[in-house]
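Starting from the structure of chain A, add chain B where the hints point.
2 protein chains.
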Amino acid sequence: MSAQWLDQIKWDDQGLVPAIAQDYRTGRILMVAWMNKEALRLTAEEGRAIYWSRSRQRLWRKGEESGHVQKLHELRLDCDSDVILLSVEQLGDIACHTGRESCFYRVLRDDKQWEVVDKVRRDPNDIYAKKA
Amino acid sequence: MSAQWLDQIKWDDQGLVPAIAQDYRTGRILMVAWMNKEALRLTAEEGRAIYWSRSRQRLWRKGEESGHVQKLHELRLDCDSDVILLSVEQLGDIACHTGRESCFYRVLRDDKQWEVVDKVRRDPNDIYAKKA
Chain A
1 MSAQWLDQIK WDDQGLVPAI AQDYRTGRIL MVAWMNKEAL RLTAEEGRAI
51 YWSRSRQRLW RKGEESGHVQ KLHELRLDCD SDVILLSVEQ LGDIACHTGR
101 ESCFYRVLRD DKQWEVVDKV RRDPNDIYAK KA
Chain B
1 MSAQWLDQIK WDDQGLVPAI AQDYRTGRIL MVAWMNKEAL RLTAEEGRAI
51 YWSRSRQRLW RKGEESGHVQ KLHELRLDCD SDVILLSVEQ LGDIACHTGR
101 ESCFYRVLRD DKQWEVVDKV RRDPNDIYAK KA
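Residue numbers (the UniProt record's numbering), protein chains in the order written: chain A, 1 to 132; chain B, 1 to 132.
Be a bit skeptical, because a hint or two may be false.
Identical chains share a label here; the pair holds if one copy fits it or two copies do between them.
Stated by the list, open to error - In the SDA-like style, the derived pairs of lysine to any residue whose C-alpha atoms are separated by at most 20 Å in a straight line are:
no.: 1; residue 1: Lys-71; residue 2: Asp-110
no.: 2; residue 1: Lys-37; residue 2: Gly-27
no.: 3; residue 1: Lys-10; residue 2: Ser-53
no.: 4; residue 1: Lys-119; residue 2: Leu-91
no.: 5; residue 1: Lys-71; residue 2: Trp-60
no.: 6; residue 1: Lys-10; residue 2: Thr-26
no.: 7; residue 1: Lys-10; residue 2: Cys-79
no.: 8; residue 1: Lys-37; residue 2: Trp-60
no.: 9; residue 1: Lys-112; residue 2: Trp-5
no.: 10; residue 1: Lys-10; residue 2: Gly-67
no.: 11; residue 1: Lys-112; residue 2: Ser-55
no.: 12; residue 1: Lys-10; residue 2: Trp-34
no.: 13; residue 1: Lys-112; residue 2: Leu-42
In case anyone wonders, no lab produced these hints; they're calculated from the structure.
If we strip away everything but chain A, and leave its shape as in the complex, we get (with noise of 0.2 Å):
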């Protein structure tokens, strides 16, 4: 059943690989989260973004409650063949749980204190209550 350009990817013992989404015109790197196999079938089947949630246990639609879906434009995979990466069109400019747009906001500074560096573009609070 299963097609041969997803059993090429080499899945980990828990049958999952990372995945990052980049910007497709900004190239900013957005978020990393894990596929399993159907994830990834059903990413290029869609046209977006489904990962697998680790911490739920069931595919995550990205963009399911906050409507910032990932429109797929491009699928790659490395040369180890276990990590996707996905060139993206970010719905709402936000891919952060936090209302950031990336989830990479924090930075190293000289005095090694993980500084915030980019701002909330909108209140998590927002954009996650309307199915509360």
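Same frame as chain A, but now just chain B:
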């Protein structure tokens, strides 16, 4: 002994986190490798990417054989504190052991084949033969 900024990282059950290397000029994603606490500490201290090689089970100073050192420009941490993002200057413009700029040189085509789309910049035999 261990510094606070290192203890803030959520190391996995093997004491590792994924680390993404991104070209500081072009934004291209060059590779993904793994870091343990010592690798991350040394990366910040020495100003170059130092990973933990899972296959060799030892510290891996990127470029130690190839000369393709990654000079560190910035370190970022994601919202879950379990992925590191390195902005780097890639010496030699080659990050991949295949002699390509990036490890992400395969694209998924509409016919569901992973197609190699980037060319080899330097023959790996030339890169790694020096120490043979």
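Have a look at Lys-112 and Ser-55 and pick one of within, between, both or neither, based on CA distance no larger than 20 Å.
neither (30 Å within a copy, 30 Å between copies)
When no copy is named, should Lys-112 and Trp-5 be tagged within, between, both, or neither for a Cα gap of at most 20 Å?
between (42 Å within a copy, 6 Å between copies)
Given a CA cutoff of 20 Å, do Lys-10 and Cys-79 count as a within-copy pair, a between-copy pair, both, or neither?
Result: close within a single copy only, 11 Å intra versus 26 Å inter.
As a check of your reading, is Lys-10 near Thr-26 (CA-CA no more than 20 Å) within one copy, between copies, both or neither?
neither (29 Å within a copy, 28 Å between copies)
Same-copy or cross-copy closeness of Lys-112 to Leu-42 [CA-CA at most 20 Å]:
This pair counts as between: shortest inter-copy Cα distance 13 Å, intra-copy 41 Å.
When no copy is specified for Lys-119 and Leu-91, does a C-alpha distance of 20 Å or less occur within a copy, between copies, both, or neither?
within (18 Å within a copy, 32 Å between copies)
Is the C-alpha distance from Lys-71 to Trp-60 at most 20 Å within one copy, between copies, in both cases, or in neither?
within (14 Å within a copy, 36 Å between copies)
How would you classify Lys-10 and Ser-53 at a CA-CA limit of 20 Å: within, between, both, or neither?
Answer is both: 19 Å inside a copy and 17 Å across each meet the 20 Å cutoff.
How would you classify Lys-71 and Asp-110 at a CA-CA limit of 20 Å: within, between, both, or neither?
between (37 Å within a copy, 16 Å between copies)
When Cα atoms must be at most 20 Å apart, do Lys-10 and Trp-34 count as within-copy, between-copy, both, or neither?
Both ways: Lys-10 and Trp-34 sit 13 Å apart in one copy and 16 Å across, limit 20 Å.
Should Lys-10 paired with Gly-67 be assigned to within, between, both, or neither, using CA atoms and 20 Å as the limit?
This pair counts as neither: shortest intra-copy Cα distance 31 Å, inter-copy 28 Å.
Please work out whether the CA atoms of Lys-37 and Trp-60 approach to 20 Å or closer within one copy, between two copies, in both situations, or in neither?
Close inside one copy (13 Å), not across copies (30 Å); limit 20 Å.
In summary, the numbered hints that this structure violates are 2, 6, 10 and 11.
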